[in-house]
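J.: Below are the chains, spelled out letter by letter.
Number of protein chains: 2
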Amino acid sequence: MSPAFGCMTVGIVHSPFKEKFGIPRQPGLVPQAAGILELLPPYNCPESVSGLADYSHIWIQFWFHQVEQGAWQPRVRPPRLGGNRRVGVFASRSPFRPNPIGLSVVKLNEVRCEGGAVTLAISGIDILDGTPVLDIKPYVSYADSIPDARSGFAPTAPDEALRVVFSAHAERQIQSRGDLPKLRELIVSLLTTDPRPAYVEDGRKERVYGIHLYDFDLRWRVENREALVLELLLR
Amino acid sequence: MSPAFGCMTVGIVHSPFKEKFGIPRQPGLVPQAAGILELLPPYNCPESVSGLADYSHIWIQFWFHQVEQGAWQPRVRPPRLGGNRRVGVFASRSPFRPNPIGLSVVKLNEVRCEGGAVTLAISGIDILDGTPVLDIKPYVSYADSIPDARSGFAPTAPDEALRVVFSAHAERQIQSRGDLPKLRELIVSLLTTDPRPAYVEDGRKERVYGIHLYDFDLRWRVENREALVLELLLR
Chain A
756 MSPAFGCMTV
766 GIVHSPFKEK
776 FGIPRQPGLV
786 PQAAGILELL
796 PPYNCPESVS
806 GLADYSHIWI
816 QFWFHQVEQG
826 AWQPRVRPPR
836 LGGNRRVGVF
846 ASRSPFRPNP
856 IGLSVVKLNE
866 VRCEGGAVTL
876 AISGIDILDG
886 TPVLDIKPYV
896 SYADSIPDAR
906 SGFAPTAPDE
916 ALRVVFSAHA
926 ERQIQSRGDL
936 PKLRELIVSL
946 LTTDPRPAYV
956 EDGRKERVYG
966 IHLYDFDLRW
976 RVENREALVL
986 ELLLR
Chain B
756 MSPAFGCMTV
766 GIVHSPFKEK
776 FGIPRQPGLV
786 PQAAGILELL
796 PPYNCPESVS
806 GLADYSHIWI
816 QFWFHQVEQG
826 AWQPRVRPPR
836 LGGNRRVGVF
846 ASRSPFRPNP
856 IGLSVVKLNE
866 VRCEGGAVTL
876 AISGIDILDG
886 TPVLDIKPYV
896 SYADSIPDAR
906 SGFAPTAPDE
916 ALRVVFSAHA
926 ERQIQSRGDL
936 PKLRELIVSL
946 LTTDPRPAYV
956 EDGRKERVYG
966 IHLYDFDLRW
976 RVENREALVL
986 ELLLR
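Chain order of the listed sequences is A and B. The working numbering runs 755 ahead of the 1-based position in the first sequence. The working numbering runs 755 ahead of the 1-based position in the second sequence.
Chain A with its partners taken away, still in its complex shape:
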């Protein structure tokens, strides 16, 4: 079947998250996760974002560009269910969808129009670096916010499952990164909900995990419900 509708790329997200592993599983879970949405020509005129700064939050509709379209299955295994229970693809926020379109509400910190560029400073993101953006919409609280909605298998935010501690080496490395403010808080937020695949057994405590953030691999391991940050390995 040929596609019914064609979408343009109106912008690109620049994000600390350079690979899928370790990305927060919903927006807003990691407030320190900050990025830039850069509008592309011909959408990058100041007029197109006029009035947007009056909104504290925006919707980003984006394309899961690292997902092969057509690779969807009717049922998926959400990490939230331990990876061993399946639900319908339309009852999940999985990227493996008939149309791999993502939907995230993020905090809008600043709208910048300078030197021909139009960029939005955003945070609370759960979006991969380089993600193509299809649309930006203001978050309209009276319509979009339904605090008492019944939310199936994910009624609340994931628990803070792990205590996060740092090696002395990692602490020194973080302090030397004046270019990345709030890096320590970002790492704590990322690891506290335990980003490991759900099927990992606690017995494999020797294993060192890595997440590609910015220009380094964050390396850590888990022992006794503690995530120990070992080092930031420059790539």
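A few of these clues could be false.
If we take Cβ atoms under 8 Å as the criterion, some of the chain A residues that face chain B in the derived model are [unchecked claim]: (1) G783; (2) Q787; (3) S805; (4) L807; (5) H812; (6) N839; (7) V842; (8) P887; (9) A904.
Taking CB as the label site, the calculated pair distances span [unchecked claim]: (10) A:L988 - B:P910: 45 to 51 Å; (11) B:Q821 - A:E865: 31 to 37 Å; (12) B:G870 - A:G825: 44 to 50 Å; (13) A:Q828 - B:H924: 34 to 40 Å; (14) B:A912 - A:P758: 53 to 59 Å; (15) B:N839 - A:G825: 44 to 50 Å; (16) B:D903 - A:E940: 48 to 54 Å; (17) A:E865 - B:L836: 42 to 48 Å; (18) B:F908 - A:R918: 43 to 49 Å; (19) B:P952 - A:G825: 38 to 44 Å; (20) A:Q828 - B:A872: 16 to 22 Å; (21) B:C868 - A:E865: 42 to 48 Å.
Everything labelled a hint here was simulated from the structure, so no lab data went into it. By construction, the Cβ of each residue, glycine as well, lies at the ideal position given by its N, Cα and C atoms.
Start from chain A and add chain B according to the hints.
T.: Chain B only, in chain A's frame:
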């Protein structure tokens, strides 16, 4: 420029709203506005909606199929601003967007899988009849609901601007439509926020307006902040 991504139609919305005029300007404003989302092959298998009934609300991402793609302008005139102030297209929910993709949260009343058909009974809709659906996602309250978000030019739902009254003839017609329960409540909700174009002056009180709903034209006029429903004219 050629489109970067192609989208499939996964379903179709069957709605009381047969034309753009009169459609609620956001979802949820008219709880009585009920419709059916019908999944299309090959997406219409019961597995794809397994677990969805555990959610009270869903996101529908859809294509504004009556909008010509490419007809967008950097700034739009939202009806909420009286139609005479302009804001950036990305600061509005206007259908005239670079990618005419709509986003509505609606109430999910029932998931029906029978006779090879998979349909969702939905309400609070602001979607035109025949609208192609690109994606369905569960509403996840902990991530999607931000009650205290600052919402620019539309911080609250539109006022109930008009009192709605019915002619004796219209009352009798409504009572004869046992096939359309809650029709009276639907009409009250639709007219109370005054769907007339913002630039209409109160002086034109003689004018009779019509909205194509279901199989009839709802005909009414406005006088002294009252919407008087005249008749339901079968088409």
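J.: None of the hints should be skipped; say for each whether it holds.
T.: Results of checking the hints against the structure:
Hint status for G783 of chain A: holds, given a least beta-carbon distance of 5 Å to chain B, under 8 Å. A hinted interface residue such as Q787 of chain A counts as satisfied when its beta carbon comes closer than 8 Å to some beta carbon of chain B; here the least separation is about 16 Å, so the hint is violated. With a least beta-carbon distance of about 4 Å to chain B, the hint placing S805 of chain A at the interface is held under the 8 Å criterion. Using the Cβ-Cβ criterion of 8 Å, the hint placing L807 of chain A at the interface with chain B is satisfied: the shortest such distance is roughly 4 Å.
The closest approach between the C-beta of H812 of chain A and any C-beta of chain B is roughly 5 Å, which is under the 8 Å cut-off, so the hint is satisfied. The closest approach between the C-beta of N839 of chain A and any C-beta of chain B is roughly 14 Å, which is over the 8 Å cut-off, so the hint fails. Evaluation of the V842 of chain A hint against chain B yields a held restraint, the C-beta minimum of about 4 Å falling below 8 Å. At about 6 Å, the closest approach between the beta carbon of P887 of chain A and any beta carbon in chain B falls short of 8 Å, and the interface hint on this residue holds.
Using the Cβ-Cβ criterion of 8 Å, the hint placing A904 of chain A at the interface with chain B is satisfied: the shortest such distance is roughly 4 Å. Distance hint check for L988 of chain A and P910 of chain B: the Cβ-Cβ separation is about 47 Å, which falls inside the suggested range of 45 to 51 Å. Evaluation of the 31 to 37 Å hint for Q821 of chain B and E865 of chain A yields a pass: the beta carbon distance comes to about 35 Å. The beta-carbon spacing between G870 of chain B and G825 of chain A, approximately 27 Å, falls outside the hinted interval of 44 to 50 Å.
Range check, Q828 of chain A to H924 of chain B: about 55 Å between beta-carbon atoms, so the 34 to 40 Å window is missed. Checking the proposed 53 to 59 Å range against A912 of chain B and P758 of chain A shows it is violated: the Cβ atoms sit about 36 Å from each other. Judged by the Cβ atoms, the range 44 to 50 Å given for N839 of chain B and G825 of chain A holds: they are separated by roughly 46 Å. Taking the beta carbon of each, D903 of chain B and E940 of chain A are about 22 Å apart, not inside 48 to 54 Å as hinted.
Look at E865 of chain A against L836 of chain B: about 23 Å separates their beta carbons, and that is not inside 42 to 48 Å. For the pair F908 of chain B and R918 of chain A, the supplied restraint of 43 to 49 Å holds, since their beta-carbon distance comes to about 44 Å. Take P952 of chain B and G825 of chain A: their Cβ atoms lie about 43 Å apart, and the range 38 to 44 Å holds. Separated by about 21 Å at the C-beta atoms, Q828 of chain A and A872 of chain B satisfy the suggested range of 16 to 22 Å.
Distance hint check: the CB atoms of C868 of chain B and E865 of chain A are about 47 Å apart, consistent with the given range 42 to 48 Å.
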